[in-house]
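Novice: The residues making up each chain are set out below.
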Amino acid sequence: MDTLQHLTTGLAAAMSLQNFSFALIGCILGTLIGVLPGLGPAAGTAILIPLTFKLDPTGALIMLTAIYYGAMYGGTITSVLINVPGEAASVVTCFDGHQMAKQGRAGTALGIAAIGSFIGGITATIALVAVAPPLARMALSFGPPEFFALMLVGLCLITGLAGRSVLAGIVMAVLGLLIAMVGIDPVRGAPRFTFGIPSLYDGVGFIPVVMGLFGVAEILLTVEAPYRQVISTKITQLLPTREEWRRSMGAIARGTGIGFFLGLIPGVGAIIPTFVAYVLEKRISKTPERFGQGAIEGVAAPESANNAYANAAMIPLLTLGIPSSPTIAVLMGAFIVNGLTPGPFLFKERPDLVWAVIASFFLGNILLLVLNLPLVGLWARLLRLPYQYVCVGTLLFCVIGAYSLQQNVFDVGVMIVCGVIGYGLRKIDLPIAPLVLGLILGPFLEKSLRTSLEMSGGDFSIFFTRPLCVTLLVIAAVVLLASALRLPPAQVREAAND
Amino acid sequence: MRRGWQVACVCLLGVFGAALVTSLGYSLSDALGPGPGFFPFWLSLIGAVLTGMILVQTGRSTLLTDGGIKILPTRQAALQAGSVLVALTAAAALFEPLGFRLTMLPFVAGLLLALGARSPLAIALCAVAGSFGVFHVFFYWLKVPLPIGALGI
Chain A
1 MDTLQHLTTG
11 LAAAMSLQNF
21 SFALIGCILG
31 TLIGVLPGLG
41 PAAGTAILIP
51 LTFKLDPTGA
61 LIMLTAIYYG
71 AMYGGTITSV
81 LINVPGEAAS
91 VVTCFDGHQM
101 AKQGRAGTAL
111 GIAAIGSFIG
121 GITATIALVA
131 VAPPLARMAL
141 SFGPPEFFAL
151 MLVGLCLITG
161 LAGRSVLAGI
171 VMAVLGLLIA
181 MVGIDPVRGA
191 PRFTFGIPSL
201 YDGVGFIPVV
211 MGLFGVAEIL
221 LTVEAPYRQV
231 ISTKITQLLP
241 TREEWRRSMG
251 AIARGTGIGF
261 FLGLIPGVGA
271 IIPTFVAYVL
281 EKRISKTPER
291 FGQGAIEGVA
301 APESANNAYA
311 NAAMIPLLTL
321 GIPSSPTIAV
331 LMGAFIVNGL
341 TPGPFLFKER
351 PDLVWAVIAS
361 FFLGNILLLV
371 LNLPLVGLWA
381 RLLRLPYQYV
391 CVGTLLFCVI
401 GAYSLQQNVF
411 DVGVMIVCGV
421 IGYGLRKIDL
431 PIAPLVLGLI
441 LGPFLEKSLR
451 TSLEMSGGDF
461 SIFFTRPLCV
471 TLLVIAAVVL
481 LASALRLPPA
491 QVREAAND
Chain B
1 MRRGWQVACV
11 CLLGVFGAAL
21 VTSLGYSLSD
31 ALGPGPGFFP
41 FWLSLIGAVL
51 TGMILVQTGR
61 STLLTDGGIK
71 ILPTRQAALQ
81 AGSVLVALTA
91 AAALFEPLGF
101 RLTMLPFVAG
111 LLLALGARSP
121 LAIALCAVAG
131 SFGVFHVFFY
141 WLKVPLPIGA
151 LGI
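Protein chains in written order, with the numbering used here: chain A, 1 to 498; chain B, 1 to 153.
In short, the hints are calculated from the structure, not lab data. Beta carbons are placed, not taken as given, at the ideal position from N, Cα and C, and that holds for glycine. Take these hints with a grain of salt, some might be off.
As the list claims (entries may be wrong) - What the simulated footprint calls covered on chain B by chain A, stretch by stretch (three residues with Cβ under 8 angstroms from a Cβ of chain A suffice, anywhere in the stretch; the number is not a length):
hint : region
1    : 43 to 52
2    : 81 to 89
3    : 135 to 144
Unchecked claim - Some but not every residue of chain A turned toward chain B, in silico, with C-beta under 7 angstroms:
hint : residue
4    : F53
5    : P57
6    : I184
7    : R192
8    : V223
9    : E224
10   : K282
11   : K286
12   : R290
13   : L367
14   : V370
15   : G458
16   : I462
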């Protein structure tokens with residue numbers, strides 16, 4: 001009953017003219033980011049954070065979350081029309097979506113993707129409403145050792161699943177944690193790694209680093225290999241035929257379930273649910289040979305999984321303060337920029353904000369369906385925009401975003417350096433996701449470790465005498481061990497570095 | 001690919017080594033427990049050891065073959081990527097002395113030209129929109145502080 005009351009209040013807040021406008025603008029911008037190849041949701045969300053600097057936190061977060069799932073939604077259009085995923089999670093949609101477009105069924109592919117995404121998103125949000133409050137209440141009983149262990153699990157999952165080498169994943173996470181140590185020590189107040197540079201006293205800004213690693217690096221890669229032109233296809237008949245509906249409904253239901261449950265696990269990343277949903281459909285199909293040749297289930301299942309994941313991935317962030325992927329880490333950064341720390345205390349201290357944001361997910365999914373079905377032709381036309389203009393526009397936003405957070409040119413420099421580093425890492429296939437997660441979780445991880453050790457007078461046994469903490473540490477160890485033994489399939493490991 | 005990983009490992013070893021030495025200058029523990037140097041010290045040490053292991057593995061492994069993947073860009077691509085970096089660096093240097101609008105006007109126009117845009121009208125329109133237009137939207141509508149230069153523009 002309490003939850004329903006909160007949800008009703010949240011819906012009222014989300015439906016206010018101001019917040020509705022923010023959700024609408026966020027959905028449009030997000031879809032635009034998803035549509036434009038070479039600009040992923042992490043970079044897109046990061047570069048649009050400056051738009052929200054002067055908004056109230058509720059409006060800002062409604063807009064940024066709308067950008068996030070709008071981008072997840074919009075990536076489908078490029079996958080279908082030019083066989084280039086607008087964002088990593090849409091890779092799987094290319095397999096059958098583009099084949100459908102080649103057969104003159106682009107409209108049906110985009111239509112079923114929009115419908116599947118809508119069903120996946122709405123179902124996951126309903127489940128989020130049911131799951132989040134009890135999980136947040138449970139997390140309130142966690143002490144610093146449990147939070148330390150929990151963050152370690154998240155880092156291990158991201159690290160273990162990212163890239164071709166688990167060692168490289170750990171090193172990148174350690175590098176992220178180390179960069180997070182720059183600035184004033186959060187416990188004692190002593191400066192560390194500041195080298196007398198005043199701009200470093202507040203630490204290395206998360207936003208400039210993310211804009212560099214994702215935004216600038218992405219542009220450097222794009223100018224090196226510009227994306228292809230859209231194929232000429234007329235988008236007609238968005239709604240599937242009766243037979244296509246029959247084939248798609250089960251796929252959408254299974255995709256939604258897979259996306260939701262994998263979204264609950266920190267570190268899984270957006271692409272794995274889509275792969276799992278696709279593989280499952282192919283396995284259970286009586287005609288698996290149709291997959292890769294334009295099977296509608298091959299679009300419906302991954303798209304539903306993608307959006308169910310996007311909404312479910314907000315659960316670990318909102319209830320435990322653990323970001324599941326780099327994009328969610330960027331959203332966590334946006335919470336922090338607005339003076340809010342995601343986690344169980346947010347439910348207690350700012351229920352108005354949390355529930356307005358959750359309620360806006362319902363609104364956003366409806367808005368996205370409206371934007372995606374009738375306006376799909378318009379989005380497709382945007383693909384004809386020459387890449388030079390997209391690159392320069394993105395760089396312009398990156399400069400504004402890096403500068404305006406602290407009005408410091410030093411941050412623009414940090415962004416440029418990180419852009420070069422990100423470009424290099426992408427070229428040699430070193431994972432960036434663990435670095436970003438390490439950077440955002442670093443201060444929290446250190447604080448909970450040191451507070452735990454202060455509680456025990458420096459005795460590390462505090463981590464091994466609390467049952468929940470031990471369980472979480474064992475999970476972290478098992479995840480790393482399994483990854484080191486290369487148990488997750490290669491495609492999953494390489495794809496997880498979204 | 002293998003050479004790329006080796007170069008990256010050497011760079012990382014340099015970073016972790018420097019961080020390790022620097023962190024020794026902070027106290028590792030104090031009366032209340034771990035000190036400011038505790039976390040950085042252990043992170044640097046772990047990072048350095050693991051990077052060393054990757055370096056050894058990379059030397060022996062057959063997994064990191066080039067596999068036809070071209071790491072170094074073509075001359076044309078390198079020039080374009082270089083022009084992006086030069087433009088960004090110049091913009092960062094001139095941002096505060098010249099102000100947002102006067103910096104971004106040549107930034108947008110120059111970068112579009114460098115990346116291969118050829119329509120003078122489109123370039124001019126984008127440059128004005130990307131400098132004066134964007135400034136107006138962010139500064140006046142969104143209240144995001146952007147620099148105004150010495151000339152008051």
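Novice: Decide, hint by hint, whether the structure agrees.
Specialist: Results of checking the hints against the structure:
With 6 residues bearing a CB less than 8 angstroms from a CB of chain A, the region 43 to 52 of chain B meets the requirement of three and the coverage assertion stands. Restraint check on the region 81 to 89 of chain B versus chain A: 6 residues with Cβ-Cβ distances below 8 angstroms, three needed, restraint holds. Given a C-beta distance limit of less than 8 angstroms, the hint that chain A covers the region 135 to 144 of chain B holds, as 4 residues qualify and 3 suffice. Nearest Cβ of chain B to the Cβ of F53/A: about 5 angstroms, under the 7 angstroms cut. The hint holds.
Interface restraint check: P57/A against chain B, minimum CB-CB distance 15 angstroms, threshold 7 angstroms, status violated. Proximity of I184/A to chain B is violated relative to the hint, the smallest CB-CB distance being about 9 angstroms (cut-off 7 angstroms). Hint status for R192/A relative to chain B: holds, with the closest Cβ pair at about 6 angstroms, below 7 angstroms. Contact between V223/A and chain B, as hinted, is supported at the beta carbon level, the nearest pair being about 4 angstroms apart and thus within 7 angstroms.
Interface hint status for E224/A: upheld, as the beta-carbon distance to the closest one in chain B is roughly 4 angstroms, under 7 angstroms. Of the supplied interface hints, the one on K282/A is violated, with its beta-carbon coming no nearer than about 26 angstroms to a beta-carbon of chain B, more than 7 angstroms. Hint on K286/A is violated. Least Cβ distance to chain B is approximately 36 angstroms, over the 7 angstroms limit. Because the beta carbon of R290/A sits about 31 angstroms from the nearest beta carbon in chain B, more than 7 angstroms, this interface hint is broken.
Hint status for L367/A: violated, given a least beta-carbon distance of 21 angstroms to chain B, over 7 angstroms. The interface hint given for V370/A is broken, as the beta carbon of that residue sits about 26 angstroms from the closest beta carbon of chain B, more than 7 angstroms. Here the hint on G458/A is kept, as its CB sits about 5 angstroms from the closest CB of chain B, short of 7 angstroms. Using the Cβ-Cβ criterion of 7 angstroms, the hint placing I462/A at the interface with chain B is not satisfied: the shortest such distance is roughly 11 angstroms.
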